[in-house]
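Peer 1: If you read the protein sequences in the order shown, they are chains R and G.
All the letters of the first sequence, read from the start, carry residue numbers 1 to 220 under the UniProt record's numbering.
All the letters of the second sequence, read from the start, carry residue numbers 1 to 220 under the UniProt record's numbering.
Please keep in mind that the hints were generated in silico from the structure rather than gathered at the bench.
This structure is a prediction, so every number in the text was calculated from the model and none was measured.
Built from N, CA and C at the ideal position, the CB exists for glycine as well.
Mixed in with the good hints there might be a few duds.
[To be verified] Chain R is faced by these chain G residues, among others (derived, beta-carbon under 10 Å): (1) M62; (2) G70; (3) F96.
[Said to hold, decoys possible] No farther apart than 25 Å at their CA atoms in a straight line, the calculated lysine-lysine pairs in the DSS-like style are these: (4) R:K66 to G:K172; (5) G:K2 to R:K44; (6) G:K172 to G:K2.
2 protein chains.
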Amino acid sequence: MKAISILSGGLDSCVSTAVAINEGYEVIALHFNYFQRTQTREEKAFNDICDFYKLQRFCLDMDFFKTIGGSSLTDSTIDIPKDEISTSTPSTYVPFRNGVFYSIAASLAQRFDADAIFTGLVYEDASAYPDTSPDFVNKTQDFIQSASAKKIVLKTPLIQLRKKDIVLLAQKLNAPIHLSYSCYESNELACGRCESCLLRLKGFKEAGVKDLLSYQIPTN
Amino acid sequence: MKAISILSGGLDSCVSTAVAINEGYEVIALHFNYFQRTQTREEKAFNDICDFYKLQRFCLDMDFFKTIGGSSLTDSTIDIPKDEISTSTPSTYVPFRNGVFYSIAASLAQRFDADAIFTGLVYEDASAYPDTSPDFVNKTQDFIQSASAKKIVLKTPLIQLRKKDIVLLAQKLNAPIHLSYSCYESNELACGRCESCLLRLKGFKEAGVKDLLSYQIPTN
Numbered sequence: 001m002k003a004i005s006i007l008s009g010g011l012d013s014c015v016s017t018a019v020a021i022n023e024g025y026e027v028i029a030l031h032f033n034y035f036q037r038t039q040t041r042e043e044k045a046f047n048d049i050c051d052f053y054k055l056q057r058f059c060l061d062m063d064f065f066k067t068i069g070g071s072s073l074t075d076s077t078i079d080i081p082k083d084e085i086s087t088s089t090p091s092t093y094v095p096f097r098n099g100v101f102y103s104i105a106a107s108l109a110q111r112f113d114a115d116a117i118f119t120g121l122v123y124e125d126a127s128a129y130p131d132t133s134p135d136f137v138n139k140t141q142d143f144i145q146s147a148s149a150k151k152i153v154l155k156t157p158l159i160q161l162r163k164k165d166i167v168l169l170a171q172k173l174n175a176p177i178h179l180s181y182s183c184y185e186s187n188e189l190a191c192g193r194c195e196s197c198l199l200r201l202k203g204f205k206e207a208g209v210k211d212l213l214s215y216q217i218p219t220n
Numbered sequence: 001m002k003a004i005s006i007l008s009g010g011l012d013s014c015v016s017t018a019v020a021i022n023e024g025y026e027v028i029a030l031h032f033n034y035f036q037r038t039q040t041r042e043e044k045a046f047n048d049i050c051d052f053y054k055l056q057r058f059c060l061d062m063d064f065f066k067t068i069g070g071s072s073l074t075d076s077t078i079d080i081p082k083d084e085i086s087t088s089t090p091s092t093y094v095p096f097r098n099g100v101f102y103s104i105a106a107s108l109a110q111r112f113d114a115d116a117i118f119t120g121l122v123y124e125d126a127s128a129y130p131d132t133s134p135d136f137v138n139k140t141q142d143f144i145q146s147a148s149a150k151k152i153v154l155k156t157p158l159i160q161l162r163k164k165d166i167v168l169l170a171q172k173l174n175a176p177i178h179l180s181y182s183c184y185e186s187n188e189l190a191c192g193r194c195e196s197c198l199l200r201l202k203g204f205k206e207a208g209v210k211d212l213l214s215y216q217i218p219t220n
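The task is simple: from the sequences and hints, build the whole structure.
Peer 2: Pasting the structure below:
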């Protein structure tokens, strides 16, 4: 069994990759560079996790997201929100980004005859983003299957989990989350204040696990 | 009303763009460069058609299709089939290419608040490709809609037409098909022998219309 695992280098995708490996899949890791602010640091985390598991990997350039624009993740003139967790679609939303990522994962899956695509999508923590709902996942599955001769399953092992449970699952699977990186803002030390850092820190705290990542600010 | 029109620069996308304009849409043209063999010539055709209609345009680089590989369109070590029209998936199939293209069009549609996406997809002529069926189009529509707050309609005005009828429709709409280019193989004169040239020539012949494009070989 072979799987494409979308691996940003963040906590969630690190753990969903660990799930794929634990389920016995031969994993091909897939990373996207799309001029997001933390591209360099994310790519390092991706490679560190791939090295840890000795994975075949693809790191693909999606420069066009910069051209399309409209997101604070890819446009440095728009501020990253700080010290808040969103209730409506935040400025960090990159238009239909997950749809594009899953399509490219499907291309790779067809090319390498894979049986599954793994993603670290989490619904509850990201419900302010339109492209994270269970309905979206179902529709993506149908979309991919309608143009694939072979069965390709889109697997979202974390979709119903809270960050706390993801940290606990990581411990159970010995996932190398110490190598993962989640910050939206900084390529050096994680800022500890963007939404992604806040959710990560909250998850570790609730799980009673120490986050070994270094932050710019005290986090205890 | 605003529409994203996917415009390769070929006959079909030229005519579907003409349909969008004729239906009153403000059109943003979208072209993909993906290291296909005829990238330079296709981009010229795209720009010529955009200039003709004075369209806003996006030309996006999809270099990753070269990395993914597996197609004679993007891998020059695999031959382009000659003098035959396919009955099974041909080597020119780029894995899930249309799925990726429509996802990126959806990203652009969300970004610019468009109401529709137009594509020159033709089922009958391309039924050997997995990503051209009416079922695939329906599933793509659902996929896009499931992550879009606004209604975005995927329009395929040519899907049930034969090449002959596309040429006749072009005449009716005064579409600038003399600026379009369809060859899979050559960046200079169209080869006249690849599947795409064969289908185009057949269409013009059956419609009783002269193809003003220059070919490497006599085509009458």
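Peer 1: Evaluate each hint against the coordinates.
Peer 2: For each hint, the structure was consulted:
no.: 1; hint: M62; verdict: holds (7 Å)
no.: 2; hint: G70; verdict: holds (4 Å)
no.: 3; hint: F96; verdict: holds (4 Å)
no.: 4; hint: R:K66 to G:K172; verdict: violated (39 Å)
no.: 5; hint: G:K2 to R:K44; verdict: violated (40 Å)
no.: 6; hint: G:K172 to G:K2; verdict: holds (23 Å)
Hints 4, 5 from the earlier list are contradicted by this structure; the remaining hints agree with it.
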